[in-house]
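**Student:** As they're listed, the protein sequences go chains L and U. Residues 1 to 713 in the numbering used here are what the first sequence lists, from first letter to last. Residues 714 to 877 in the numbering used here are what the second sequence lists, from first letter to last.
Hints were generated in silico from the structure; no laboratory data involved. Since the model is a prediction, treat every value here as computed from it, not as a measurement. Think of the CB as a built atom: it goes at the ideal place given N, C-alpha and C, for glycine as much as any other residue. You may find that some hints are simply not true.
Example chain L residues on the side facing chain U (calculated, C-beta under 10 Å, incomplete) [what the hints assert, rightly or not]:
1. P153
2. E155
3. Q157
4. G160
5. Q434
6. S552
7. Q559
8. K620
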Amino acid sequence: MIRLLTVVFALPVTAQTPDTTKVILLDEVVVSGSYKKTSELNATQPVRVVEKSFLRDYFAGNLTQTLEHIPGVHSMDIGSGFSKPMIRGMGFNRISVTENGIKQEGQQWGADHGLEIDAFGVERVSVRKGPASLLYGSDAMGGVVEISPVPPPSENQFFGEAALLGKSVNETLGGSVMLGLKKNAWHTKLRFSEQHFGDYRIPADTVVYLTQRLPVEGQKLKNTAGFERDVSWYTAYRKGGYYANFAVSDAYQKVGFFAGAHGIPDASLLKDDGDSRNIELPYSSVNHLKITTHQHYAWDGLSGYWDLGFQNNHREEWSRFHTHYGTQLPPATDADKELEFSLNTFSSSVKMKTFYSGHWEHTTGWDLQYQQNCIAGYSFLLPEYNRLTTGVLWLSAYRPNKKITVSGGVRYDYGRLNIPAFRDAYLANYLQEQSYDNDMIDFYQWRSYPVDRKFGDFSGSLGLVWNPDDIHLVKVNIGRSFRLPGANELASNGVHHGTFRHEQGDASLNSEQGWQLDASYTYEHRNVSLTITPFGSWFGNYIYLKPTGEWSVLPHAGQIYRYTEAEAVFAGVEAEVGIDFLPCLNYRVSGEYVYTYNVDENIPLPFSPPASLRNILTWKSNYAQVHIEMQRIASQNRASRNEDPTPGANLWNMGATVNVPLCGTRVEFTLSAQNLWNVKYYNHLSFYRKVEIPEPGRNFQILINVPFKSKVK
Amino acid sequence: MKTVFKFYLVCLTSICFVTFSSCDKDDDSNDTTKPVIDLLEPEEDATLKIGDEGGIHFDLELSDDVMLKSYKVDIHSNFDGHVHAPSLKATTEATVDFTFNKSWDIPGQKNADIHHHEIKIPANATPGDYHLMVYCTDAAGNEAYLARNIILSTEGGEEHEHDH
Numbered sequence: 001m002i003r004l005l006t007v008v009f010a011l012p013v014t015a016q017t018p019d020t021t022k023v024i025l026l027d028e029v030v031v032s033g034s035y036k037k038t039s040e041l042n043a044t045q046p047v048r049v050v051e052k053s054f055l056r057d058y059f060a061g062n063l064t065q066t067l068e069h070i071p072g073v074h075s076m077d078i079g080s081g082f083s084k085p086m087i088r089g090m091g092f093n094r095i096s097v098t099e100n101g102i103k104q105e106g107q108q109w110g111a112d113h114g115l116e117i118d119a120f121g122v123e124r125v126s127v128r129k130g131p132a133s134l135l136y137g138s139d140a141m142g143g144v145v146e147i148s149p150v151p152p153p154s155e156n157q158f159f160g161e162a163a164l165l166g167k168s169v170n171e172t173l174g175g176s177v178m179l180g181l182k183k184n185a186w187h188t189k190l191r192f193s194e195q196h197f198g199d200y201r202i203p204a205d206t207v208v209y210l211t212q213r214l215p216v217e218g219q220k221l222k223n224t225a226g227f228e229r230d231v232s233w234y235t236a237y238r239k240g241g242y243y244a245n246f247a248v249s250d251a252y253q254k255v256g257f258f259a260g261a262h263g264i265p266d267a268s269l270l271k272d273d274g275d276s277r278n279i280e281l282p283y284s285s286v287n288h289l290k291i292t293t294h295q296h297y298a299w300d301g302l303s304g305y306w307d308l309g310f311q312n313n314h315r316e317e318w319s320r321f322h323t324h325y326g327t328q329l330p331p332a333t334d335a336d337k338e339l340e341f342s343l344n345t346f347s348s349s350v351k352m353k354t355f356y357s358g359h360w361e362h363t364t365g366w367d368l369q370y371q372q373n374c375i376a377g378y379s380f381l382l383p384e385y386n387r388l389t390t391g392v393l394w395l396s397a398y399r400p401n402k403k404i405t406v407s408g409g410v411r412y413d414y415g416r417l418n419i420p421a422f423r424d425a426y427l428a429n430y431l432q433e434q435s436y437d438n439d440m441i442d443f444y445q446w447r448s449y450p451v452d453r454k455f456g457d458f459s460g461s462l463g464l465v466w467n468p469d470d471i472h473l474v475k476v477n478i479g480r481s482f483r484l485p486g487a488n489e490l491a492s493n494g495v496h497h498g499t500f501r502h503e504q505g506d507a508s509l510n511s512e513q514g515w516q517l518d519a520s521y522t523y524e525h526r527n528v529s530l531t532i533t534p535f536g537s538w539f540g541n542y543i544y545l546k547p548t549g550e551w552s553v554l555p556h557a558g559q560i561y562r563y564t565e566a567e568a569v570f571a572g573v574e575a576e577v578g579i580d581f582l583p584c585l586n587y588r589v590s591g592e593y594v595y596t597y598n599v600d601e602n603i604p605l606p607f608s609p610p611a612s613l614r615n616i617l618t619w620k621s622n623y624a625q626v627h628i629e630m631q632r633i634a635s636q637n638r639a640s641r642n643e644d645p646t647p648g649a650n651l652w653n654m655g656a657t658v659n660v661p662l663c664g665t666r667v668e669f670t671l672s673a674q675n676l677w678n679v680k681y682y683n684h685l686s687f688y689r690k691v692e693i694p695e696p697g698r699n700f701q702i703l704i705n706v707p708f709k710s711k712v713k
Numbered sequence: 714m715k716t717v718f719k720f721y722l723v724c725l726t727s728i729c730f731v732t733f734s735s736c737d738k739d740d741d742s743n744d745t746t747k748p749v750i751d752l753l754e755p756e757e758d759a760t761l762k763i764g765d766e767g768g769i770h771f772d773l774e775l776s777d778d779v780m781l782k783s784y785k786v787d788i789h790s791n792f793d794g795h796v797h798a799p800s801l802k803a804t805t806e807a808t809v810d811f812t813f814n815k816s817w818d819i820p821g822q823k824n825a826d827i828h829h830h831e832i833k834i835p836a837n838a839t840p841g842d843y844h845l846m847v848y849c850t851d852a853a854g855n856e857a858y859l860a861r862n863i864i865l866s867t868e869g870g871e872e873h874e875h876d877h
C-alpha cells in the first residue's frame, strides 16, 4: 500500500475539528474524505453534519428551524421568533448546544426561552443523536447540536459576504455583513446581523382558547413582532504546532408575546392597533454574551486542548404589573418588569490525546463548569442558584484495521447545587387574609425551598464502527447518560406564569439516569443511498411534572403538578433513502418516529414529537438548484396527561437557489416557499399549541448572498 | 444490485407505514381523556349582585369517560382589564376584593349535574370585573378548566331564571 500523508481529524468526539487537524504518517490509507465523511466514520453514534449548502437551502433566519430538516431533530417554537431544539423527543436540559466547544447555557430552562445563536453566522453544524454525557457531562442525554467554525481560506485574502433576508409571513427584513481577513498565521472575521419582523400570519380568523373564541384580526397574531441583533468576532492563529481561536459574540432578541397566550383570554386585548410591527407588553428580551477560546498544541504523537468560556444569559419578561395579592404594590422602578434572570456560566475543558500507535488513540480530559443565576422582577419563576460541576473522563479508540473501530470511555462527574429559599411575603399575607391555617400558609409561602445537594454520576459508552467497504457502514453504540435535576425541578413551588399550573419541585430528586442503545446502517452505492438509525432508551427515573390530583389554593391554579421520577422508555427510528434518477435529479425520502412511554403511569410522556415523512425532489446543476418537498406530519394521539392530541397535516414547500455571476463574484439568490397551500395545522411541540394557535401560514422567502474576496499579500 | 435497492425501499416504506398506522390510534389502556365542563350559569359577562344573600346561581354539568373526581371554583378580581393592578383600590377603601376558592369532591360518577347557591358575594365586595374559573379533575388526574368573565355590581344583577 502506498504510504500517504493523511489528514486525520483528531478527537472525533468533540466539535473542535478544523483546528485540531493533525498531520501524521500512517501505514495505510485511512481516510481521504471530507470533514463530514470523517465525522460520520469516526463517531460510534449517528452524527449528521450539515454545511453551507444545506444551511443556505433551508435557511429560516432561525437555526433551530433549519435543523428541523434533519431527521430526528424538531423545533419547539415560541411564535415565529424563538425556537429551541429537540432531538429524538428530548429537549430542554436533556440536550446540549455547543459552539466552539463550549456548552451554551440559556435556552434549556424555560418553556418560552429560545436558543440565542445568530443563524447567519453558522457555517457548520453536527447533530449528534443519542447520549453524549461522556463527552459533555450533565444535560447531554438526548444528543448534542455542535456548532463549529470552518477552516480558513488557504490563501491570504480579504473576504466577506453580505446577506439580505426577506420573509412574507411576518414581513421580516434582515441582513448580515461579514468581513474577514486571512493573513499568514492569522484568520479573523467580524459579523453583524440584524432581523426585524412583524406580527406573523396564521391561516385563521379566530382561535379558540378555554372555550372562548378570540379574534385574529387580519389573520395576524397580534404582538408577535420582534427583532434580533447579533454581533460576533472570531480570530484564529496557527503557527507550527500551536493553534488558538478566540470568539466573542453577543446575541440580542426582543419578541412580543401574543397576549391571548399570557393569562386568561380577553378579546379586548386582541384588537388591531393598526401597527403590525410594534412590540407591546407582554414581551421578552434576552441577551446572550459569550466569550470563548480554544487552545491547542500538538507535540509529536500528543495533543493538548483547552477550551475556556464565559457566558452571560440575561433574560427579561415584561408584562403590565399585576398581582393577586392586595398588599403587593408595583415596584418604584421598572414597575412592569415581571421576571429577570441573569445566568453567568464559566466553563473550562482540558483534554490530552495521544496518537503514539497507529491502532490506539487515548484521550483524557477534565471539565469544570460554574454557574450562578440571579433573579429580579415583581413575579417569581426560577430560584437563584449556584451550580458547580466537574468531571474527569477517559476515552479510547482501537482501530485494528481500516474496517473496524471500537471506541469507548468512562466519565465521573461531581455536581453541587445550592438554591436559597425564597419566601413570598405578599402571598403569605394573602393566605392569612383568606384565613388559611399556618400549615397551609407554610406550604404555599415558600416559592423556592432551600436546597444544597451533591451529586455523583458515572457515564460511559462503548461502540463499534464497521466499515467493510465503501458501500456499507454499520454502527452500534451503548451509552449511559445522566442529568442533574434543574433548580426548578428541585425547589420551585407556585404558579408558573406561562403554563398557569402550580408546579412544585421535590428537593429529594436524584440525577436522572438513562441507558441508550442505538445502531445505524448506511448504504451508499452508485445512485442509491440509505441510512437507517433505530434507537431505544430506558430511564430508571425520568423526571416529569406529574398531576397530583391535589387542588392548589392559589388563584389561577388548578391541581398541583409535582416533579416526579418515573420509569420511562423511548424508542424510535430515523430512515432516509436517496436516489439519483439522473445525475442532476435526486429524490430523497426521510421519515422519523419516536415512541415514548411512562412505565409507571402507562401513558406517553409529554412533548412526544409526531412521526413525520419528507419527500424531496431536487434538480441540481452547477449554478442552480430547485427542490420541491411534500412533508407529511402524522397526527399525535399519544399525548400525555393534560396535553392535547394534535392532528396531522400535509405541507408543500419549495425552494430554488441560483448563482448569478455579477461583478466578478457569484451572487446567490435563494427563493423558497413554505406551506404553499396555507394549511392550518398545529405543532405539537409549540409553546402556543396549548392556546390552540396554528402554525404560521404560507411564507415566501428570499435570501440574497453576495460573497466577495480579494487577494492580499 | 437492483433487487437490493428494491428490498431497501420496501423496508423503508413498510417502516413508514407501521409508523403512521401506529399513531393513528391510541392504544394506551390508561386514561388521558379530560373531563368535560359545561357551565350553564353564570354565563359569560354575567352581572352578579353584591350582597345577594341567596348566593350565585351556579349550574354546572360535568362528565368524564371514566370517573370524575373533584371540581374547584376560583373567583378573583380582574380589575384594570386583564391585569390585577391595585391602583383602583384607592377609591374603594371600604370594600374588599372578592376572592373565592373552594373545591368539591364528586367521586364515583361519570356525570354530575351540579346546582347550588353556595357562593355568596358579601356586601363589602369591591364592584368590578372578575374572573370565574372552574377546574375539574377525573380519577386519573386529567384536568379541564374554563374561564368566564363576570361583573360584580351593587345594582341589579342577574335575575334567577327559576326559583329554589
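**Student:** Looking back at the hints listed earlier, which ones does the structure fail to meet?
**Tutor:** The structure conflicts with hints 1, 2, 3, 4, 8, although it agrees with all the remaining ones.
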